[in-house]
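K.L.:
Read off the chains here:
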Amino acid sequence: MSRKGRRILWIVLAAVLFAAVGSQCAFLLRHPYFRKYAALNGISLREARDVWGKPDRDAEQILGMIVEADAENWEKVSELAARKDLRSEVGTYYYNLSNAMLGRLPDRLMDYYQPFERGLFLPVGPSSTPFKIACAGDVWFQLGYMPLAERDAMLGLLFSPEHNGSRYLRRLAETNLVTGEHEAAAKYLRMLLNGSRADRKWARACFPENWSQPYRLRIAEKRNLMPQFDLVHGMDQTPLILRILLSANQTNRMALDYLLCYDLLTKDIDAFVGDFDPSLTRSPLYEEAMLIFLAAKGGMNAENFAHYHISEASFQRFNRFVTIYKRDGGSGRNLTEEFGKSYWYYYYYAVKNETK
Amino acid sequence: MKRSKLLLSALLAVLLLSCGRPYDVRPAGPGTDRDSFIFPDYTDVTIPPNIAPLNFYYTDPEGKEFTTHIFANGRAIAFKGREVVWKEKIWREWLAAAAGADITVESAWSSGGARQFRRWTLHIAQDRIDPYLTYRLIEPGFEVWDDLEIQERNLESFSVRVISDWRHTGNKCMNCHIHSQGRGDLSMFYLRGEGGGAILNRGGELRKLTLKNDTMISPTVYGEIHPDGRYGVFSTNIIIPAMHSEGGRRMEVFDTASDLCVADFDGKRMLTFPETSREDVFETFPVFSADGNFVYYCAAPAHPLPADLYQTMYSLVRIPFDAATGTLGDPADTVWSATKRAASVCHPKTSPNGRWLLFTVAAYGTFPINHSECDLCLMDLSDGSIMDMRAVNAEKSDTYHSWSSDGTWFVFASKRGDGLYGKPYFSHVAPDGTVTKPFLLPQKNPHYYDTMLRSFNVPDLGNAPVGFDAATIGKVWKEMPAESFE
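Protein chains in written order, with this note's numbering: chain A, 22 to 377; chain B, 53 to 538.
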């Protein structure tokens, strides 16, 4: 080949290389969370694209919420959720979880798409996707219920592309550190020690002899949430599990809010009233729910309003809702704008889409 | 020249980096899943003369300058380094030379500025072990599967053959493979779901069977093939999965109903009997006696579950079996009383030589794999006495056992160590009932179990390879119609 030919060849090769690198960089800039999610699942970017395809903007947002939730950056999860209400179970699940971690679950519940209870707890069953199953344990871990946190991490690992994602190994290690099963934790810590630099650093810090004061506190806090007695229950008895958590620790505010929101999203007002202790938690959402109950059962009096912290403003607003509702013969068309984010509106007009 | 040297150095650096780091063996020591100075812990174990090399590694994270000197019958060999990995040919020579005797091992290493030293032995038994082991590889505990496979491992080497897998069966669930009395030519397992059935292997001929009729509460679940090969005895179970709320106790499974039945493989009929189909009794885990004249099974008074789970305890009972007609007689004799012992029996297995009955004892229930209190129990069938099994049992679940075809070795799945992943351990039984410290299934890479995230489910010994493989099973799944039973 002539000198000129070689030069042209080099230029072409350099251009191809430049284009490939440029394309990769552009992809990474547009989808930073996709790469991080792939890393959490123990696979490369290329493998991730082969397995999951190219993500769109909505997928990138969901993956961002998962990645930030994994790092427990709850403000960031909330910020990502605020970008767009994706009207997806996983999106709402992380929206709710971030709000719960920031102590505002009931206050923000009605601001977002709520696919009934599936936005609080992702169902794990034969029809669940591996993607959802992999996320399902995050809420159980934060609630302090290690049996299901561990189960879902195990299933996440089982369904992950290479069956070895660090997201699941770290959760498995930590659930066993919380329950005191250090032999089991050792298995996962050893695997992480033979993983990436970040995994090695994380694992070293989790050796009980290396626990920092904040980490010691974190484990102690989780242990404090765990049930103190054994009860055998079905896999899908969510309200029962939340009540078990509350009987172990009445101050588990997150479990209480999840239980109350579960009751409300399933429109089980009687269960809500049974579970609601106004001395432990309060929210405009709970006021709205109590007004439905009191109006139906005949308890709209000052004594009940005081007991359930129902404000005069809430009462007046409820009256206005009922007036319009009756005037329009049950139609919601004139209620949407003013009351679309109230529990009353959800209670009367939300319809469960069983096909989703 | 200078540039060439630079390039060479850079190349060497890249090569060195790409060699990777050595295995990080932490955490190790008391309170971890590596509490012995070597893993697997092969110290003072008894092994068969036909086992694959017992490769191991030293667990001391701070240790260095490891040396291992091995002696037997005037021979000596030395290894240097954390990992001790034998060449298979040399190992076989050593075993042949030391059969019936001991191999002495001297381990030495430096740690914390001091030299450490241990002397230990490997006892080589005269009795050979059946050379094949089948097991299902599955993630532990939650009855969910993906990429399942059943493997057959040659215990005399490290070769593994897949005898059924997800690739050939549409990722269907499959249950564990069992031999009849350790025979490679008489075995079965289930393929579940569409296109599935009980896969019966008789002399290499495969059949796909639907072992269910209208009188049974479910398809067959647990069971065993009669030594003659014509019949099988099975339980039918309504199985309910549940969870314990206490951390670490994990999943529980119980039956809300269970009965026994007999399958006549030649007559294509299912036989049920009043004595073993009672609504007020749960019956499960049936197996034949070595001579095929009795069926041993577990029975408990029916309880409302899960409310009475802790009170549900199964006794071990025995009922006559007539191999001429395929019928279960009555009455059933209680062999081991749950009421007297305040415990629950699972998974009875009779030794093919007729001498022993090995079973699992847990505090309650019928799903001992997550019960850390669950231990193996060995009964001498000649007089009903119970042998001392302290050398075998560990502080974690020990269950799912099977016998070699001559009744001198048994294998079981133990969760010792991490408490989560079942691994196959082997133990020898002497004629006087003395059992030996079990040893873990050896692997070519001694770090194999460090990264293994699946349990060895229902390890089952066989004296010969089963005459099929995953591709054959794939054809059976796709093309062979299931035979229905009346």
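In case anyone wonders, no lab produced these hints; they're calculated from the structure. Hints are not guaranteed to be accurate.
What the hints assert, rightly or not - Here are the computed lysine-lysine pairs in the DSS-like style, where the Cα-Cα straight-line distance is at most 27 Å: (1) Lys75(A) <-> Lys105(A); (2) Lys116(B) <-> Lys222(A); (3) Lys224(B) <-> Lys153(A); (4) Lys222(A) <-> Lys97(A); (5) Lys475(B) <-> Lys141(B).
Unchecked claim - Beyond 12 Å from chain B on every Cβ pair, some chain A residues (computed): (6) Arg104; (7) Leu179; (8) Thr196; (9) Glu204; (10) Lys208; (11) Ala241; (12) Ala316; (13) Gly350; (14) Asn355.
For glycine and all other residues, C-beta sits at the position ideal for the given N, C-alpha and C.
K.L.:
Does each hint fit the structure? Answer for all of them.
P.N.:
Hints, verified against the model:
Between Lys75(A) and Lys105(A) the alpha-carbon distance is near 20 Å, which keeps this suggested pair within the 27 Å criterion. For the given pair, Lys116(B) sits about 23 Å from Lys222(A) by alpha-carbon distance, which is consistent with the 27 Å threshold. With a C-alpha separation of about 21 Å, the suggested pairing of Lys224(B) with Lys153(A) holds against the 27 Å cut-off. With a CA separation close to 23 Å, the supplied pair Lys222(A) and Lys97(A) stays within the 27 Å bound.
The straight-line distance between the Cα atoms of Lys475(B) and Lys141(B) is roughly 26 Å, inside the 27 Å bound, and the hint therefore holds. Look at Arg104(A): its CB is around 33 Å from the nearest CB on chain B, clear of 12 Å, so calling it non-interface holds up. Distance check on Leu179(A): its Cβ comes as close as 5 Å (rounded) to a Cβ of chain B, failing to clear the 12 Å threshold; non-interface status is violated. Non-interface call for Thr196(A) relative to chain B: violated, since the shortest CB-CB distance, roughly 8 Å, does not exceed 12 Å.
The Cβ of Glu204(A) does not lie farther than 12 Å from every Cβ of chain B; its closest approach is about 4 Å, which violates its non-interface assignment. For Lys208(A), the shortest C-beta to C-beta distance to chain B comes to about 4 Å, within the 12 Å cut-off, and the non-interface label is violated. With a closest Cβ-Cβ approach of about 14 Å to chain B, Ala241(A) is found to remain outside the 12 Å limit, as its non-interface label requires. With a closest Cβ-Cβ approach of about 37 Å to chain B, Ala316(A) is found to remain outside the 12 Å limit, as its non-interface label requires.
Distance to chain B confirms Gly350(A) as a non-interface residue, since its nearest Cβ pair spans about 47 Å, more than 12 Å. The claim that Asn355(A) is not at the interface with chain B holds, since no C-beta of that chain comes within 12 Å of its own (minimum 47 Å).
Going down the numbered hints, you'll see the structure goes against 7, 8, 9, 10, while the others check out.
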